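S.K.: For reference, the chains in residue letters:
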Amino acid sequence: MAVKKTTYKEAVEELEEILTSLEESHPDVDSLTAKVKRAAELIKFCKGKLFETEAEIEKIIEEIGE
Amino acid sequence: MKITPVSLLELNQQIKKAVKENIESCWITAEISELKVNYSGHCYLELIQKDETSDQVVAKSRATIWSSHFRMIKPYFESTTGQEIAAGLAVMIKVSAEFHELYGMSLNIIDIEPTYTVGELVIRRQKIIEKLTEDGVVGMNKDLEFPYLCQKIAVISSATAAGYEDFTDQLENNPTGYKLYTKLFPAVMQGNDAEDSIIKALERIYEYEGFFDAVVIIRGGGSKSDLGCFDNYRVAYHVAQFPIPVITGIGHEQDDSVTDLVAYIRLKTPTAVAAFLIDKMSELDGELQSLQEQIFQISSSIIDKHKDSIHHKAKDLQLFVSRFSSAEGSVLLSSQHRLATISQGVLFRLQMETGRTETLIAQKAKSVLIKDKSELQYISSLLKKTIHNQISTGKIVIEVYDRQIRQLDPLTLLKKGYSITKSRGLVMTKSIDVEEGELIETILYEGKLISQIKKL
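Note that the protein sequences, when read in sequence, are chains A and B. My numbering puts the first sequence at residues 2 to 67. My numbering puts the second sequence at residues 17 to 472.
If you are wondering where the hints come from, they were derived from the structure by calculation, not from laboratory data. Source: prediction; values computed, not measured. Built from N, CA and C at the ideal position, the CB exists for glycine as well. Treat each hint with caution, since some may be false.
[To be verified] Stretch by stretch, here's where chain B covers chain A in the computed footprint (C-beta under 8 angstroms, at least three residues):
# : segment
1 : 31-41
2 : 45-51
3 : 57-64
[Claimed, not checked] Calculated from the model, a selection of chain B residues having no Cβ within reach of chain A, i.e. all distances over 10 angstroms:
# : residue
4 : L27
5 : K147
6 : Q308
7 : Q310
8 : I311
9 : K471
With the sequences and hints as input, model every part of the structure.
M.R.: This is the structure we're talking about:
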């Protein structure tokens, strides 16, 4: 997924941008579809951050040691 | 000169007597430098006095609080000061000096005035705060931006503290299932070693500055505990300047310690810290859900608008068609009739002409007396064919037109379920054409309906 490198904050900011662009312009069906698809990706990414364990982080914590 | 020595015991007995007879019990002020309570409940202390300017120890004495006194002094002191009797505290105590032949001088503590300690603590705290303010570090941790997603927590606590277990348990088993990562940096949380131990833990966390979102300093258990290490200049100095927000939950009910004052946020207990962190996650979750809903709603409304515009176009077409089926639209009907008549006429004429041509050719052929009969026959058949083709093409074209017209026929539309609504004999295209209570006529494929407008 293209969202991988984004931080949670950046993802939320992009979601806010998408929302603003939907509110301000009246996109045609195709670009609406693309935007909603991207929004869904970002939401999934954020939910993952909030609820799922990232092996990478666990590994770093383990490496810090006592 | 004859020397008559006395034994050490005799001397010590004399000192003991002199002390007992000449030194009455009195109130003194001192600082506790060491304190131990043994298994039988007796409290053994070392009292010191420091020179105010040089900080050098200028007096020192052992002291004891016998368990019979300690049982009463301890709760009295703690309930007033919110603080355990511990090393580092300045105290006002009533003592009686005692000399023991074997153990030497010792002060027997028989009473304590806790308000003195409270006052001293306030003064000491004030001095530390003044110094930190002079250093310009007091607001530094508070001025940090709290991380948007606060998820990776460095914890400074004693590994065995019940408060630490409660804290991690609360985070790990939060009912919503938010993911929080904790890493313990163990430290001694009270007594003389606490100061260095806490600073060392902070220094270790500093190595992973970019990784952690927040530092949590927690200490579990009761509210009456030794706060000395938190009313400590060096600890507070480090916390204030720490580049990551520091959250304290050092479990005391009374005034904030200096460390609490300089921390990003001060909470009462480890449990409160855990709740705070979970709340932060829940805020983000709520924000995300609201974004999701808003995007969903606005997308749906955009789709609806697109749908509406298609519906409008469809309706326009329907209107257009129904206009034709209205009274004035009878033009279409007559056109249809006319077209049919015309086409029949054309057909007839074509046939006539063909016939005439054939006759003409025949006549001509006869009259001219053609030489080559077969050639003529060929030409004649060719002509016939051409004309025939023309006729059938004409027929097809007419049929196509006819079918198209038939589709526009109001009857065909009515058969499909459309209906015509008339008001005062005129075809209605807008609801504003009628008024409430008025009767309207709906023409269906078979039959009519008369309805009354109840509401517009």
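S.K.: State for each hint whether it applies.
M.R.: Cross-check of the supplied hints:
no. : hint  : in the structure
1   : 31-41 : holds (count 4)
2   : 45-51 : holds (count 4)
3   : 57-64 : holds (count 4)
4   : L27   : holds (56 angstroms)
5   : K147  : holds (33 angstroms)
6   : Q308  : violated (5 angstroms)
7   : Q310  : violated (6 angstroms)
8   : I311  : violated (5 angstroms)
9   : K471  : holds (33 angstroms)
The structure fails hints 6, 7 and 8 (numbered hints given earlier, in ascending order).
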